[in-house]
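The listed protein sequences correspond, in order, to chains A and B. The opening residue of the first sequence carries number 1 in this note's numbering; numbering runs sequentially from there. The opening residue of the second sequence carries number 1 in this note's numbering; numbering runs sequentially from there.
Derived from the structure by calculation, the hints contain no laboratory data. A quick note: this is a predicted structure, and the numbers were derived from the prediction, not measured. Even for Gly, the Cβ is constructed at its ideal location relative to N, Cα and C. Treat each hint with caution, since some may be false.
Said to hold, decoys possible - Just some of the chain A residues that point at chain B, by a computed CB distance under 7 Å:
{"#": "1", "residue": "7"}
{"#": "2", "residue": "13"}
{"#": "3", "residue": "21"}
{"#": "4", "residue": "24"}
{"#": "5", "residue": "32"}
{"#": "6", "residue": "33"}
{"#": "7", "residue": "73"}
These are the residues of each chain, in order.
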Amino acid sequence: MATGTDQVVGLGLLAVSLIIFTYYTVWVILLPFIDSEHIIHKYFLPRAYAVAIPLAVGLLLLLFVGLFITYVMLKNRRVTKKAQ
Amino acid sequence: MTMTKLAQWLWALALLGSAWAALTVGALGLELPSPCREVLWPLPAYLLVAAGCYALGTVGYRVATFHDCEDAALELQNHIQEARADLRRRGLRF
Chain A
1 MATGTDQVVG
11 LGLLAVSLII
21 FTYYTVWVIL
31 LPFIDSEHII
41 HKYFLPRAYA
51 VAIPLAVGLL
61 LLLFVGLFIT
71 YVMLKNRRVT
81 KKAQ
Chain B
1 MTMTKLAQWL
11 WALALLGSAW
21 AALTVGALGL
31 ELPSPCREVL
41 WPLPAYLLVA
51 AGCYALGTVG
61 YRVATFHDCE
71 DAALELQNHI
81 QEARADLRRR
91 GLRF
């Protein structure tokens, strides 16, 4: 078995993914079938956020990936210029 | 059978995507009950998030249950040190 921090990080990732999955599943799949008077609706944002938040997160991820690629490419170009 | 994997995936995506679009827009003239329509329209976003969670969870689980062999790792590192010392003695420059 993996040791120490590896185990903690791995199980942490697993726990986070399960929490997100459960919350999101209840939000998108189960809530429409629950009576709108039920108190559980208090714990969930309006339905439009169920698409808006993943979309925003996805765009942020794309932004970071693009910035990282730009950074690496600029760094390489400066290195080649120095070598010339 | 001459279709590439990419073509197959794109084909399947196009098929499922158009089915979803047709149902969501109501182009088929089906009167779906209200909760079903409410589940249907965020479905692509839901599938993406679910796939992401599955990927993250699998990575985390595999990291946590990885069969680490600490003794073998130490032994390997010792071998590497010995080999480097030996090659350095024989004149190879690192």
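Taking the closest Cβ pair, is residue 21 (chain A) under 7 Å from chain B?
holds (4 Å)
Minimum beta-carbon distance criterion (7 Å), residue 13 (chain A) to chain B:
holds (3 Å)
Interface hint check: residue 32 (chain A), Cβ to nearest Cβ on chain B, cutoff 7 Å. Holds or violated?
holds (4 Å)
Does the nearest C-beta of chain B fall within a distance shorter than 7 Å of the C-beta of residue 73 (chain A)?
Cβ of residue 73 (chain A) sits 26 Å from chain B, so the hint is violated.
Status of the residue 33 (chain A) interface restraint (C-beta, 7 Å, chain B):
This interface hint holds because 5 Å falls under the 7 Å limit.
Holds or violated: is there a CB of chain B closer than 7 Å to the CB of residue 24 (chain A)?
Constraint on residue 24 (chain A) satisfied, holds at 5 Å.
Please verify that hint: residue 7 (chain A), Cβ, nearest Cβ of chain B, below 7 Å or not.
holds (5 Å)
Checked against the numbered hints given earlier, the structure breaks only hint 7 and satisfies all the rest.
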